[in-house]
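Top line first, the protein sequences correspond to chains H and S. Here our numbering is used: the first residue of the first sequence is 504, the next is one more, and so on. Here our numbering is used: the first residue of the second sequence is 517, the next is one more, and so on.
These are calculated hints, taken from the structure and not from any lab test. Predicted model, so just to flag it, every value in this text is computed and none were measured. Every residue gets a Cβ at the ideal spot worked out from N, C-alpha and C, and that includes glycine. Possibly wrong hints are sitting among the right ones.
List time: in silico DSS-like cross-link candidates among lysine-lysine, alpha-carbon distance up to 30 Å [claimed, not checked]:
# : chain 1 : residue 1 : chain 2 : residue 2
1 : S       : LYS581    : H       : LYS826
2 : H       : LYS536    : S       : LYS563
3 : H       : LYS796    : S       : LYS545
4 : H       : LYS546    : S       : LYS581
5 : H       : LYS826    : S       : LYS521
6 : H       : LYS782    : S       : LYS581
7 : S       : LYS545    : H       : LYS542
8 : H       : LYS574    : H       : LYS796
Pair ranges (Cβ atoms, derived) [said to hold, decoys possible]:
#  : chain 1 : residue 1 : chain 2 : residue 2 : range
9  : H       : GLY824    : S       : ALA534    : 23 to 33 Å
10 : S       : ILE599    : H       : PRO570    : 33 to 43 Å
11 : H       : GLN821    : S       : ILE572    : 41 to 51 Å
12 : H       : GLN821    : S       : GLU574    : 18 to 28 Å
13 : H       : TYR691    : S       : ILE572    : 41 to 51 Å
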Amino acid sequence: MAYTTFNRQINDQMKEPMFFGNPVNVSRYDQQKYGIFEKLIEKQLSFFWRPEEVDVSKDRIDYQNLPDHEKHIFISNLKYQTLLDSVQGRSPNVAFLPIVSLPELETWIETWAFSETIHSRSYTHIVRNISAEPHKVFDDIMLNEKILERADDVTRYYDDLIDGINLYQRCGEGTHTINGETHSISLYELKRRLYLCVMSVNVLEAIRFYVSFACSFAFAERELMEGNAKIIRLIARDEALHLTGTQHMLNIMAAGDDDADMAKIAKECEEEAYAIFRKAAEQEKDWAQYLFKDGSMIGLNKDILCQYVEYITNSRMQAIGMKAIFSTTQNPIPWINTWLVSDNVQVAPQEAEISSYLVGQIDNEVDGGDFGDFDL
Amino acid sequence: MPGVKLSNGVVINFDGSAQTLLEALERKKLEVNFHCREGYCGACRCKLISGEVNYINEPLAFVRKGEFLPCCSVPVTDIEIEIP
Ligand code: FES
Ligand SMILES: [Fe+2]
Ligand SMILES: [Fe+2]
Numbered sequence: 504m505a506y507t508t509f510n511r512q513i514n515d516q517m518k519e520p521m522f523f524g525n526p527v528n529v530s531r532y533d534q535q536k537y538g539i540f541e542k543l544i545e546k547q548l549s550f551f552w553r554p555e556e557v558d559v560s561k562d563r564i565d566y567q568n569l570p571d572h573e574k575h576i577f578i579s580n581l582k583y584q585t586l587l588d589s590v591q592g593r594s595p596n597v598a599f600l601p602i603v604s605l606p607e608l609e610t611w612i613e614t615w616a617f618s619e620t621i622h623s624r625s626y627t628h629i630v631r632n633i634s635a636e637p638h639k640v641f642d643d644i645m646l647n648e649k650i651l652e653r654a655d656d657v658t659r660y661y662d663d664l665i666d667g668i669n670l671y672q673r674c675g676e677g678t679h680t681i682n683g684e685t686h687s688i689s690l691y692e693l694k695r696r697l698y699l700c701v702m703s704v705n706v707l708e709a710i711r712f713y714v715s716f717a718c719s720f721a722f723a724e725r726e727l728m729e730g731n732a733k734i735i736r737l738i739a740r741d742e743a744l745h746l747t748g749t750q751h752m753l754n755i756m757a758a759g760d761d762d763a764d765m766a767k768i769a770k771e772c773e774e775e776a777y778a779i780f781r782k783a784a785e786q787e788k789d790w791a792q793y794l795f796k797d798g799s800m801i802g803l804n805k806d807i808l809c810q811y812v813e814y815i816t817n818s819r820m821q822a823i824g825m826k827a828i829f830s831t832t833q834n835p836i837p838w839i840n841t842w843l844v845s846d847n848v849q850v851a852p853q854e855a856e857i858s859s860y861l862v863g864q865i866d867n868e869v870d871g872g873d874f875g876d877f878d879l
Numbered sequence: 517m518p519g520v521k522l523s524n525g526v527v528i529n530f531d532g533s534a535q536t537l538l539e540a541l542e543r544k545k546l547e548v549n550f551h552c553r554e555g556y557c558g559a560c561r562c563k564l565i566s567g568e569v570n571y572i573n574e575p576l577a578f579v580r581k582g583e584f585l586p587c588c589s590v591p592v593t594d595i596e597i598e599i600p
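Looking at chain H on its own, in the form it has when it is part of the complex:
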């Protein structure tokens, strides 16, 4: 039950469940219980990109010319995405690696989380370019109430799971007194926390990012902030893979062949699962309201965005066998789909110039006069 980095128990990995079996010993991929995770790894590796490959220098001029309410929309979304990827860059590792039992799934989790760190680094690339004071943007994330409100729901299920695993791996099942406080944990309760956690991660990646994606692409439809949109497309392409990963996990869990307890738990947690989706959709609609508090942007307003949240929530729920909860059946912004097509994403070196991370570095082709009174 205690975690070990190289389990000496000789086991048949093909008979282990996804989670809470033996810890993985040999990282071998010659045999796989669930080949899908290996395929996701390969796909994710083929998607590899670096933020520096995307030239965002024109965005600086675009950003300076945006009216204040559009600056607010743009920068608030970046802050929110920064929060989400901060969480996603570490939490799958911390929460799932101590309990995973299949090598292909273990490696998928690591590959998945690694790609999130690229997303995080890309936000610094974007912010450094548009702002002479990037620290102000990042500092505000820890102070911004609207963002912190969301952070709570995004992290809660991870934290509950991690807390339970710590207790279980140290003390085992039962009631324990630690520093004068009593805590109890059972394996079944841990599995319940795992199921809800995977569900909430699915919601995070399949719904929470999309309001922000829609705004980025709405700017780019007007040929504004196109460097940013290029990066967001690469992020969206990765996220599509991640949400497919959690959908597979959820579906395997609910089927019960992997671990009969999980199928039971999936049924018991049905109401809670609906509540997680519903709450996330409401929060994202609130977020749309906050984004457009000082005015809409061309092609998008609060109502359209809220309809899109409903539409995408329905479709994500149906993907894991749940029923739609909103009456919206039409995509109110069908143009977003073309931005999400994968074969249009190009980061070939000849196509996008390598730009520097140095603060203040600007592309040669940009006329310095365009910057106006922007101080470097």
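Here the structure of chain H is known, so what remains is to put chain S with the ligands in place on it, guided by the hints.
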């Protein structure tokens, strides 16, 4: 030439001029959701009521029984489908 029957009665012939079922549906101005068009996101999921499809590339997205992904498949028999 397999026929594609929609739940609303419309019938399309899959005559090989479209690479995938998604393309064939789009040519008829039918709105099907999509994102990746490559089988890994699952956004295009539709119901397969009867018949059989072949995947051009094995999709990574989860496909439950009675569903299929039009972005990366072609019909091998007459099929009846429902677009959500
Ligand atoms: S559009 Fe992504 S799976 Fe079909
Ligand atoms: Fe991410
Ligand atoms: Fe992700």
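Are any of the numbered hints broken by this structure? If so, which, sorted upward? 3, 7 and 11
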